[in-house]
Every structure is written in C-alpha cells, then in structure tokens.
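Asker: Chains as they are written, first to last, in the working numbering: chain A, 1131 to 1413; chain B, -10 to 465.
Because the hints were derived from the structure by calculation, they are not lab data. These figures come from a predicted structure and were not determined experimentally. Do not rely on the hints blindly, as some may be mistaken.
[As the list claims (entries may be wrong)] On the chain A side, residues computed to face chain B include the following (Cβ under 7 Å): (1) Glu1299; (2) Thr1323; (3) Asn1326; (4) Asp1327; (5) Arg1328; (6) Asn1331; (7) Gly1332.
[Unchecked claim] Cut-off 27 Å, straight-line C-alpha distance, at most; resulting in silico cross-link-like pairs (DSS-like, lysine-lysine): (8) B:Lys210 - A:Lys1302; (9) B:Lys146 - A:Lys1320; (10) B:Lys210 - B:Lys248.
[Claimed, not checked] Some, not all, of what chain A presents toward chain B, calculated at C-beta under 8 Å: (11) Tyr1264; (12) Thr1301; (13) Asp1361.
We treat Cβ as the ideally placed atom computed from N, Cα and C, and that holds for glycine.
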Amino acid sequence: MNKTMKYKLRKKTLLCKSFLLVSIFIFSSCSTDETQTVANFTELVMQDEFDTDGELDRSIWGYDIGTGENGWGNNELQYYTDRPENVTVQNGVLIISAKEESYEGSNYTSAKILTKGKFEQTYGRFEARIRLPYGQGMWPAFWLLGNDCQSNIWPKCGEIDIMENRGQEPTKISGSLHGPGYSAGDAITKEYTLENDRFDNGFHVFGIEWGPKYINYYVDDVLYNQITPSDVSGNRWPFNHPFYIIINLAVGGSFVGAPDSETNFPQTMLVDYVRVYKNNRLN
Amino acid sequence: MKNIKFMYSKIILLSGLLFVINVGCEREISDEAEFATFSKTGEIFTDAPIGLGTDFYFPFEGSKPTAWTVDESEGYESDASMRFDVPNANDPEGNYAGAIFRVDGSGRNLTEFDALTFWAKASQGVSIGQMGFGTDFGEDKYQVSAPNISLSTNWVKYVIPIPDPSKLFEERGVFWYSTGTLTTGGLGYTFWIDELKYEKLGTIAQPQPAIFNGEENVPEKNFNGSTIDLADRGLTQTFNLASGLNLTVNVAPSYFTFKSSNPRVASVREFGLVDLISEGNATITATLDGVLAKGSMEITSTRGIQSAPIPTRAANNVISIFSDQYTDVPIDFFNAGWEGSTTQTTTIGSDEDAFMSYTQNNYVGIGFENPTIDASAMEYLHLDIYTDDVISGNFEIQIRDRGANGTIDSDFNGFPTEDDKDVRFLITNLPSGEWTQVDIPLTGNLASQKNNLALIVFVGGVPNFVLDNIYFYNEN
C-alpha cells in the first residue's frame, strides 16, 4: 500500500479551489432552472402519515379480503388478508407484505387497502411516498377508482392509476387512465424510467394533479405526463365525480406473470405517507 | 509469463495530466484524507486503453499471448475496440485466450463505482468462460469472476457488479478474461469489447451474498493444526440489475467478513483461511458489506495426527516428492485444481513433521514438470496414507510419464494419449485410523518409459486422507 500524505502543490491547490467554486456555481444555477413545478394544489384535506404503530386508521382505510373473481379480474395469485403479517404500521411506515404461503387455497398472501366509502374526492392532488418491492411477479399499485363502479360498471366509472410497477422492471413505473373505450390493454398509459436509481432502493413520491380537463402525472420532481379529454379519442371522460384511493401489492396476474424461482419472499411495499390536496383553483 | 508492451504515449501523457489535476483538487476537498488519492478514472478502454501505462497486458500461462489486439475497423459507435482472437484448441502457441489488464503504476480508486460495464459482441453466439476484475498476479485479493457471459453477434451492453466497492480503493487489476473452445468443439472465434469502464449505475441492488453456494451447515472435518481455505468454496455475490434479472459473480474471500462461533477451535484470518487450533466444533458464517450471507460451515476439528513411520532407505536410492527425511525435488503443485475436482489440500503438522491433507477428494493430481522426474533407475513409488474414513470402492493411484514431447496428453477420460504412458494401481483395503504404507512397482507401461514422470493422480476410495513420505526408490 502506498501511503503518500504530503500536500505538495500549494499553487495548484489554490487554482483548483477557484475552479471548484466556479463549477459549483454553474451547477447550482443549472439545477435551480431545471426544477419543475409539478403540483399547484396546496390545501391539504386528507393525510395519513402512518405515525401510529399497529393497525391502520380505520376511519380512513378499509380492506379488500380474498381473491375476488378470477384473481380480482386479473388472474392474480394472492389471497388478500387484513392480518398484521400482511398489513401493519411500524416505525412510521405502512408495510404491505407479500408472502409465499399456503392460505385459503392460494399460494401467496398480501394486502389491499382502500378508502372506499371513507374518503372520496373529485379532483385535487393525490400523492404517496412509497418504496416498492422487487422481483418477478410483484405488482404494486397506487390508484383511484370511481365510487360508482358498483352501478356504473367498470370501465365506465373510470380508473386513474397513479403508479403501477412490474417487479421485474425495478427502474420503471407507469401511470394510466382507464375509461369507456380505453381500458385494460387499451388504457392510456405512459411509462416513467428512473435514471441511475431504482424504485426498490428508496422512497419516491408518486402523484397526480387532477382538474376538470386534465390529469398530470409526476414522480418526485418530474412531471412526466398529462392526459386530457382530447387524448381519449372521442370517448367519454368520466373523471368528474368522486374517486377513492387503493393501495395494494398483487402477486402474479396478467400484468406481470407469475413469480419465479428467483423471486424472494417476503416482499414489502413501504408507504411513508398518503396526502390528498383540494383543487383550490376551482371557483 | 509474457508481457506485451503497448505504446500509447499521447494517452499516457494525457492521463498523467488528468491525474495530477485530480489529485490536487481531491486533496483540497478532503482535509481528512489519510491515504494518497489514487486515480478515480473509470475508463479502461474507450477508443484506446486509458491510463493503464505502458506495460499492462499479462497473458495467463499457457494461453495464446497474442490473442488481444486493438481493432481499428470495429467498434461500438466508434472506430476502435479491443479484439480477442480465441485460438483453436490445437494452436501450438496456446490453446486458449486469457490475460489480466493491470495498471502499470498505482491502482485505481474504484470506491465510487458500482459496476464494470462494457459493450461486446462475438463472431458467433458464444459463451465467454470468465471475465472480471481484481486479478493482479499479486494477492488477487479482490478477484471477481463473472462466468459464462453469453455474447451474440450484435453489440450488447454487459454489467459486472462490484460486490463491495469500498474494498477497491487501490485496485490495479482492472480487467481480466479467460476463455477457450470447450463450447465450440475446439474451434476458435473472435470477440470484441468496447467502452470498457467502471460506472456508478445506481441500479445495482438487492445484494444476496452466499458462501458454500448458500448451503447451510456444510460439514467439514479436518485435523487439528490444518488450515481450511475458503476460496473456491462457492463464495458468491448476487445483485438484481436494472433489467430485473439477477446476476451472480464469484468473489474472493477478502470481500467477506467471516465469523467463527468458536474462535478457540477455528480461527479465520485474512484471505478466508481458517486455522484449526484445537479439537472441537465451530460454525463459520459470513457477511458481505453488512449483509448476512446465506450458507455456513460446521467444522469438526479432530485430534492431531501421529507421525508416519520414518523412512530408512538411503538417500541416494530415493527421489523424494514430499518427506521430512529427504530433500524434495521441485514440485509444481500438490493440487492440480482441475475443473470438476472438489478436492481441498492443506499442509498440516509442524515444519519438522509435515503432512499433506486432502479433503473432499474426487480426483486430484501432484504435478512436477519443472523439471520432470527421471526415474529410470527407480523401481517403486512409496507413499504413506492415513485416513479416518472407511474405504468405499477402489482408491486408485496413477503415475504418469509425459513422454518426450513435453506435454501431458490425455483423452476425455484421463487416459494417456500421444507419447504418454502411465501405470494405475488400485488400493482395495485401507484401514481407518492408522498409517498404511504403499509401494507401487513402476512396471507395466512404465517399465520401459519412466524418464519423464510428471504427475501422480489420486482418484476415489476415501474423500479425506493424509499423505506423507512420497518418494521413488530402488532396492539396491
């Protein structure tokens, strides 16, 4: 090992210092210019910071239990439960865990929480800070569904997917819109890819800002898509009535395919907060 | 070893300048720096070698030394790349291609990167035996090997993750490769590498280190006083890449922090060497960069071994390979490390009374070609074997003469070809817990050709045994 410690070049050091200052100045001026304004609504109307350990706040959240029909319509493989093994709040974070276990005829368990009948809103800004799981067959999602889906059958009631991810694509998420004439495989969707990072390495903010004639999609400080009624090719735009929030971690299903031998279980989806702001530009 | 000089004086000058400036800046930024700041350059080859100095290409022994060139007609989005011509298996200049790229001078500081990346393609779809970094023909302390990277005929980007970048604060072995024609029926091929560099990808995640291939409680029984080498014992690091795929690389023991549950029985030192220092049991576990590795080893350290019978033959009637009684001739290796061999070899006992311990043997060779042994005047090979195991099947000993052509020539089943001859001796009875003296007549095919003895091979019978007093002799 060569350990050379002496400072030799005093003049050079000074020179470099000035270079350094210049480059820092340039850098910071660049980054200021490039910071986007991704959201305008600031009047907070609902928040869950998950600061109380234990069970979820039942005044905000309910659970979907079981396997639904045909794996919640997507051939998903998990059985959703409300057990603490699958959904709990610890250390200020909501933890949804997908486990590989035999349970009620399914090979996997996980959880799906929703604000249906508890918190529903038209327009506004919906955002959550989430660390995603990873691995083939993981399908975490943060999304909104029209509160009239029981009578106004999907996709007519509308669906806004703020974030969906395939566990086998750890650097990508997508934001989508489903409505009449543009649903499932024909949904209006856009993918967002993180540069030099991945969604299972740390927390990222996923959000939309929703007004009467647009929905803006953002990740962290990047506004990456806007969908407007002109994008739905003459189809109906049903996004003008109350929607509720869903957060879930599915295992398998048509969107991602089944887990494989390299998928590690348990996998966890961590949610630091969910915040909803009112569209305060309406009058 | 052949060194190939590569003259790129402009490049060297440029990188020299960069280095000076970089060093100056770094020192001003970090007043607490205790180490000299080594080059943080990530590039190894872009359109030419970058900052490697003059003398940096060192082929592996037996490989074709001219396999590597700079090709100025091929490149990934450029006009130049590194070209590797893997020779045919019968190429007299070497039957495979392999070398290290070692910085001529101080090593690089690679701590801020997380992967070695490159673009590559080949003249045909082919799997490259091994590629990696950390091999410097010194301690090879932080060697990493990515096995069987599959190249296609189109340029594709490949990633070899660094198991723990904090270890690479001064690494000279910035790239190495080794590949032959096992998968191409002996026919040579060409592959190209471009844009070879260290990068901070940020997408190397979810480390899953493993020792002993992730197997728990792997049993290991050895004599008190022996040393167990954990290198090549299934030490791996697995990362999930941006592609969503897992990639596993083989890594040197020095990336791991090993722990013994009972340091009074088994104590782990540098380079993953475990010394058995008293009788008893101990469990070896490990972490890599703070992550617990899958896999563990259950060591049973048994009582020290008694001495073998002391040889009494006159020294002038003996050619000794391994004994404390005679002067040994030069030996190349006591474990040939052949592919598929599971055998571990350690020297145990004291300087005055040493034994050669073999564990988990399936097949292993003792080699002596520099020079070969002329046993024309000898009649027997003697050796003493000790085992605590119960023999199952035959314990076979093969003695090989390599002939006048200078090479050991074998078919796929290990039988001699060309001008090689051997004799094979079967031991069917080997009592446990005591020394057995074995004397093998140099007869049969060796009767008329034993002037270029080169190899002794041990196959099957007992997995764990100890050898002493290995020598050729005559009764005169």
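Asker: State for each hint whether it applies.
Answerer: Against the structure, the hints come out as follows:
The criterion of a C-beta within 7 Å of any C-beta in chain B is met by glutamate 1299 of chain A, whose closest approach is roughly 5 Å, and the hint holds. Below 7 Å, beta-carbon pairs count as interface contacts, and threonine 1323 of chain A has none with chain B, the closest being about 9 Å; its hint is therefore violated. This hint holds: asparagine 1326 of chain A has a C-beta 4 Å from the nearest C-beta of chain B, less than the 7 Å allowed. A distance limit of 7 Å between C-beta atoms decides the matter here; for aspartate 1327 of chain A the minimum to chain B is near 5 Å, and the interface restraint holds.
The criterion of a C-beta within 7 Å of any C-beta in chain B is met by arginine 1328 of chain A, whose closest approach is roughly 5 Å, and the hint holds. The closest approach between the C-beta of asparagine 1331 of chain A and any C-beta of chain B is roughly 5 Å, which is under the 7 Å cut-off, so the hint is satisfied. Proximity of glycine 1332 of chain A to chain B is violated relative to the hint, the smallest CB-CB distance being about 10 Å (cut-off 7 Å). For the hint pairing lysine 210 of chain B with lysine 1302 of chain A, the CA-to-CA distance comes to about 49 Å; that exceeds 27 Å, so the pair is violated.
At roughly 25 Å between alpha-carbon atoms, lysine 146 of chain B and lysine 1320 of chain A fall within 27 Å of each other, so this suggested pair holds. This hinted pair checks out: lysine 210 of chain B and lysine 248 of chain B have alpha carbons roughly 18 Å apart, not beyond 27 Å. Using the Cβ-Cβ criterion of 8 Å, the hint placing tyrosine 1264 of chain A at the interface with chain B is satisfied: the shortest such distance is roughly 6 Å. Because the closest C-beta pair between threonine 1301 of chain A and chain B is about 5 Å apart, less than 8 Å, the hint holds.
Hint status for aspartate 1361 of chain A: violated, given a least beta-carbon distance of 29 Å to chain B, over 8 Å.
Checked against the numbered hints above, the structure breaks hints 2, 7, 8 and 13 and satisfies the rest.
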